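*Asks:* Spelled out, the chains give:
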Amino acid sequence: ETGVTQTPRHLVMGMTNKKSLKCEQHLGHNAMYWYKQSAKKPLELMFVYSLEERVENNSVPSRFSPECPNSSHLFLHLHTLQPEDSALYLCASSQGGVDEKLFFGSGTQLSVL
Amino acid sequence: RKEVEQDPGPFNVPEGATVAFNCTYSNSASQSFFWYRQDCRKEPKLLMSVYSSGNEDGRFTAQLNRASQYISLLIRDSKLSDSATYLCVVNSNQAGTALIFGKGTTLSVSS
Numbered sequence: 001e002t003g004v005t006q007t008p009r010h011l012v013m014g015m016t017n018k019k020s021l022k023c024e025q026h027l028g029h030n031a032m033y034w035y036k037q038s039a040k041k042p043l044e045l046m047f048v049y050s051l052e053e054r055v056e057n058n059s060v061p062s063r064f065s066p067e068c069p070n071s072s073h074l075f076l077h078l079h080t081l082q083p084e085d086s087a088l089y090l091c092a093s094s095q096g097g098v099d100e101k102l103f104f105g106s107g108t109q110l111s112v113l
Numbered sequence: 001r002k003e004v005e006q007d008p009g010p011f012n013v014p015e016g017a018t019v020a021f022n023c024t025y026s027n028s029a030s031q032s033f034f035w036y037r038q039d040c041r042k043e044p045k046l047l048m049s050v051y052s053s054g055n056e057d058g059r060f061t062a063q064l065n066r067a068s069q070y071i072s073l074l075i076r077d078s079k080l081s082d083s084a085t086y087l088c089v090v091n092s093n094q095a096g097t098a099l100i101f102g103k104g105t106t107l108s109v110s111s
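First to last, the protein sequences are chains A and B. Residue 36 in this note's numbering sits at position 36 of the first sequence, with consecutive numbering throughout. Residue 86 in this note's numbering sits at position 86 of the second sequence, with consecutive numbering throughout.
Hints in this document: simulated from the structure, not taken from any laboratory. Just so we're clear, the structure is a prediction, and the values are computed from it rather than from any experiment. Just to be clear, a hint being listed does not mean it is correct.
Taking beta-carbon pairs under 8 Å as the criterion, some of the chain B residues facing chain A (in silico) [claimed, not checked]: (1) Ser32; (2) Glu43; (3) Leu46; (4) Asn91; (5) Ala98.
Listed next, the in silico DSSO-like pairs over lysine-lysine satisfying Cα-Cα at most 30 Å (straight line) [what the hints assert, rightly or not]: (6) Lys2(B) with Lys19(A); (7) Lys79(B) with Lys18(A); (8) Lys101(A) with Lys2(B); (9) Lys19(A) with Lys45(B); (10) Lys36(A) with Lys103(B); (11) Lys45(B) with Lys101(A); (12) Lys103(B) with Lys41(A); (13) Lys42(B) with Lys18(A); (14) Lys101(A) with Lys42(B); (15) Lys36(A) with Lys42(B); (16) Lys103(B) with Lys40(A); (17) Lys40(A) with Lys79(B); (18) Lys40(A) with Lys42(B); (19) Lys45(B) with Lys36(A); (20) Lys18(A) with Lys2(B); (21) Lys19(A) with Lys79(B); (22) Lys79(B) with Lys22(A); (23) Lys42(B) with Lys103(B); (24) Lys36(A) with Lys22(A); (25) Lys101(A) with Lys103(B); (26) Lys42(B) with Lys79(B); (27) Lys40(A) with Lys2(B).
Even glycine gets a Cβ: it sits at the ideal position worked out from N, Cα and C.
Given only the sequences and the hints, what does the whole structure look like? Please build it.
*Replies:* Right under this line is the structure:
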């Protein structure tokens, strides 16, 4: 157990559905992240929150909407996704600072039909 | 040049072998470096940080060459349980808010 919990583990949704991914960290960390991992591609950073404020958004389409209500919780709201959005979505947290050591959740395997 | 580039895999080695992975990075201002391990269908987990002086953790040795912008990971006496994908990770800016991952190198250790 890394102290970062993600739900659901698997999600299948249609292109017109709206769903949310949830992440919770129990490590007392200050920063939380959403990463996307597609087959044969490196992990792609989507969003970074530090002390509940978004500090980085790597030009992610607006159909992905993050929410960070407090330093322990992070959501990724999904709507009108495309089949190419099917991937493993990983949440991570870190204490913060230059020496970032990321602790990942188990991920949500998302399939968009 | 890609931000973080790793050896193409897969590496197939017998138990007991020594294997080395290489990684190059493009941003000379990068401050911190890591190796992560990812098992099939699992999340990445930190294996070790990489320091300028080099560091060792049991059978694993990591080295950094800032002049050549090059990182390496050496695994001695490979075990079956070392089979995984090894990800080279580089911090891309001084604010420390963006770690860039390589595609990973897959290692398969066989008996």
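*Asks:* Now tell me, hint by hint, if it's right for this structure.
*Replies:* Outcome of the hint check:
1. Ser32: holds (5 Å)
2. Glu43: Holds: closest Cβ of chain A sits about 4 Å from Glu43(B), inside 8 Å.
3. Leu46: It holds, given that the least Cβ distance between Leu46(B) and chain A is near 5 Å, below 8 Å.
4. Asn91: With Cβ-Cβ at 6 Å, under 8 Å, it holds.
5. Ala98: holds (6 Å)
6. Lys2(B) with Lys19(A): Violated, at about 34 Å.
7. Lys79(B) with Lys18(A): violated (44 Å)
8. Lys101(A) with Lys2(B): Distance of about 22 Å is within 30 Å: holds.
9. Lys19(A) with Lys45(B): holds (27 Å)
10. Lys36(A) with Lys103(B): holds (13 Å)
11. Lys45(B) with Lys101(A): holds (10 Å)
12. Lys103(B) with Lys41(A): holds (6 Å)
13. Lys42(B) with Lys18(A): holds (25 Å)
14. Lys101(A) with Lys42(B): holds (17 Å)
15. Lys36(A) with Lys42(B): Measuring from Cα to Cα gives roughly 13 Å; hence the hint holds.
16. Lys103(B) with Lys40(A): Within the cut-off at roughly 7 Å; holds.
17. Lys40(A) with Lys79(B): At roughly 25 Å apart (the allowed maximum being 30 Å), Lys79(B) and Lys40(A) satisfy the hint.
18. Lys40(A) with Lys42(B): holds (15 Å)
19. Lys45(B) with Lys36(A): The given pair, whose Cα atoms are some 16 Å apart, holds under the 30 Å limit.
20. Lys18(A) with Lys2(B): violated (35 Å)
21. Lys19(A) with Lys79(B): With Cα atoms ~41 Å apart, Lys19(A) and Lys79(B) exceed 30 Å; violated.
22. Lys79(B) with Lys22(A): violated (36 Å)
23. Lys42(B) with Lys103(B): holds (15 Å)
24. Lys36(A) with Lys22(A): holds (14 Å)
25. Lys101(A) with Lys103(B): holds (18 Å)
26. Lys42(B) with Lys79(B): holds (19 Å)
27. Lys40(A) with Lys2(B): holds (15 Å)
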